[in-house]
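Since the structure of chain A is already known, use the hints to place chains B and C on it.
Protein chains in written order, with numbering that gives the first Met the number 0: chain A, 0 to 370; chain B, 0 to 307; chain C, 0 to 288.
No false leads were mixed into what you were given.
Here are the computed lysine-lysine pairs in the BS3-like style, where the Cα-Cα straight-line distance is at most 27 Å:
1. 27/B / 110/C
2. 220/A / 21/A
3. 112/C / 21/A
4. 112/C / 27/B
5. 21/A / 110/C
6. 154/A / 185/A
7. 131/A / 275/C
Worth flagging that the hints you see were computed from the coordinates, not collected in a lab.
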Amino acid sequence: MSQLELRDIRKTYPGALDETLKGINIDIASGEFLTLVGPSGCGKSTLMNSIAGLESITGGSIVVEGKDISTMEPKDRDIAMVFQSYALYPTMSVRENIAFGLKIRGMPKDEIQQEVERVADLLQISALLDKKPARLSGGQQQRVAMGRALARRPKIYLFDEPLSNLDAKLRVEMRTEIKKLHQRLKTTIVYVTHDQIEAMTLADRIAVLKDGELQQLGTPKEVYDTPENLFVAGFMGSPSMSFINVTVEQAGAGLVVNVEGSDGRKLALPVPDYLQGWAGKQVVLGIRPEHISQPDEQKRDNQMVAESRFTVEVTEPTGPDILAVIRLNNVDVQCRLDAEHPVNWGEEAELMFDMRKVVFFDPDSEKRIRP
Amino acid sequence: MEHTQRRPTGVARASSGLMDGLQRWLPKLVVAPTFLLVGIGIYGYMLWTGVLSFTNSSFLPSYNFVGLEQYAKLMESERWIVASWNLAIFGGLFIGICLLIGVVLAIFLDQRIRQEGAIRTIYLYPMALSMIVTGTVWRWILNPRLGLEKLMHDWGWTSFSFDWLVNSDFAIYTIVMAAVWQASGFVMALFLAGLRGVDSSIIRAARVDGASLPVIYWKIILPSLRPVFFSSVMVLAHIAIKSFDLVMAMTAGGPGYSTDLPAVFMYAHTFTRGQMGLGSASAMLMLGAILALLVPYLYSELREKRHD
Amino acid sequence: MTDMVRTGFRPSRIAIYGVLLLACMVYLIPLIVMLITSFKTPMDIRSGNLLALPTDWTTIGWTKAWSEACTGVQCEGVKGYFWNSFKMTVPAVMISTLLGAFNGYVLSKWKFKGSDLLFGMLLFGCFVPFQVVLLPMAATLGKLGMANTTAGLVLVHVIYGVAFTTLFFRNYYVAIPDALVKAARLDGAGFFTIFFRILLPMSTPIFMVSLIWQFTQIWNDFLFGVVFASGDSQPITVALNNLVNTSTGVKEYNVDMAAAMIAALPTLVVYIVAGKYFIRGLTAGSVKG
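Bound-form chain A, shown alone:
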């Protein structure tokens, strides 16, 4: 039995014309880390609040371990939430913040004491127990917020963009912390973020949302390598995938698509046989920067690899490598070049296209064309 089932969740705000959530179906196993990711306004926060019971749903049901909790009050759902703004009670010390929920539930004092200490130990905030939130740094406040959730030992943890208010470096540190905690405690976590890198690094599975609809539910690898549609393909991965409109053509025994560079130079890129049904038709080619790089001797003999020279329009050194932009079919396409062999913009570079992991999309339905 899955721990949390979201069955056809629908939500329309009073007075709104459209549904905010248009029928979300997700099953979450016990101990799983699921991230909800999507652009602003996709409904992820609404879904999160609905699971917590802070907002009501207009259709569907929320089932926890077989029990329908859709109409239960938040306090009865045995769910804890960590907020983006931490939402720590400002007039209470850290200790009191963590103990608050336990006190309300009538836990005896010594048990509360034990719990607070256990949690403080886990999160390394024992030294802060008697301070008030205003005296803590952002990262410390975040830990206290997590501690408050952990102390209650709920069935499900909800994290609502908890790292968005932290600076970049701290965010990466806290991300690792959260991942470690999850591995240690094996709790069920639903984690909302708009940062797809966060989603990828933390999740067991990712749910990509757009406009209240689930676009894809899968492991990070699945979502990255085999995105369901144009939106997921473009949303996940940074720098993002480039999309080029091409026509599938027969070239001898195999299929190719032709691309033209900014200087008119053409290149025929080999494409897999499963596109046979699309010969003569237009498709959208989705290619990631790591698929275009400097020539590699070992790949040269591969059928699905093509080489040519193209003019580099812009270069962005990132440290470990260089992002270069070339123009194919009037579209800016990013490539990943070796930092040891820089190219100046305006110069030509010898580039190798590895077509093995490239994906194709139906231009009308925007869905990925499957093998």
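For chains B and C alone, coordinates are given in the frame of chain A:
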């Protein structure tokens, strides 16, 4: 596995449907007393006064309806006409002068003045006084024989004469003086707060463009304080229309009824002269005056919000 | 804003300080006159002028004002009325503030259908000229047997003060993040627990504002005092007005001024001690929610 489920004991378990239902009603229950008090005490009574204004009540409320007779009487009453004119004069001067003084003082205070806090405290303390106290003091200060006039004489200006307080043509201006003294500090406080909230990057841009400080104030800062102007005018107008205490303390409406104001008229006719119907009508007209100011103001506020 | 005046405005600064100081004098002089006059003898007043210091400092004006002056029919000074004002103001301030706190809490954190309408109603209630409610209120108080009582005055001040206090608290609580209330609900806290354990401890500033604002408004009120109270239940503002307007005998301005000082002292003291809360109240009331 470290994460075992522990069922805590206690009150929360007893949470039944009844408790949840109560929680849903609780917010409404809590505001209900206020809702009742205000519903009756303000809106209900407003209606009641309105009803009375259409009757011929005199010493006691009666319910003989006489249509608009009381309003007609008001329009013909010379005292009411004087009171209304006085309100226009008083209100206009009061608002205008308060705004002027308030804005000037606020601008000056904004110039990084030492002891700004102390000065602000001094400008504002009159607001903490009752209008009766203000009226009493100013009545003494403007006392025709022993007040300002005598002071000037003692200081050498022997031809100075100041009998405005007992001069039916000028008495209303004494009320203006006292009221401005009391309330201009308030306008100053509002504008100072507004000035402090102005985006400094706009001012820096103007300085780079070469504008001088007075020009910056006149052309950029003050226009951006329009909302403060409007709320000041609203509050001042409200004070003016309600002005009762100050007049009663300074002149009791006199000499004669040359400093009468609608609020004084209403009190006199309702409670002293036993003409409740007429008094009620005058009260309704006062309400009308406030509405005439409030409705366009709210309308323009709402409209602006929609445009944002 | 304030880093403006470093560039060569020296001469004007003298002018600015001059104007500001002049204004200070204008604002302070009436208070000074009130004080000086209250310590003079009637002879001093007749022979001297407004700003002349007393030749003999005397407290006779004060003692007379406190316990002997005539306020209409009785001649027992204003002391009884001074206590009346306290008896009326303190309960009214407490009740209207408490109600305002609860209302503000509900209207900001527990909105329901019609709660915005209720708020609008209250907001409008702040603007209504009280002349339109005087007569019905007087009639009602009579029917309730509370005419001319301090309790009646308390009721009146609560009814007409709760709109302001609600406005204060509601605007204050609106600025507190909703996430705090959500976190508390998830922790299992209910309506009252959230209010008493979480919001109330954070509310000290606005409580001060409400208490001080209400104290000033209610103590200084005259209209309700003169309409709804008479004789023994009158507040000091009414007594002062009666004292100053009695036409019998010679006018004793020192007594008048002393009585005015007595009436003014409580709110002045509050202002001096906690003026910043008063100012917050003033400016908060004009900011549209």
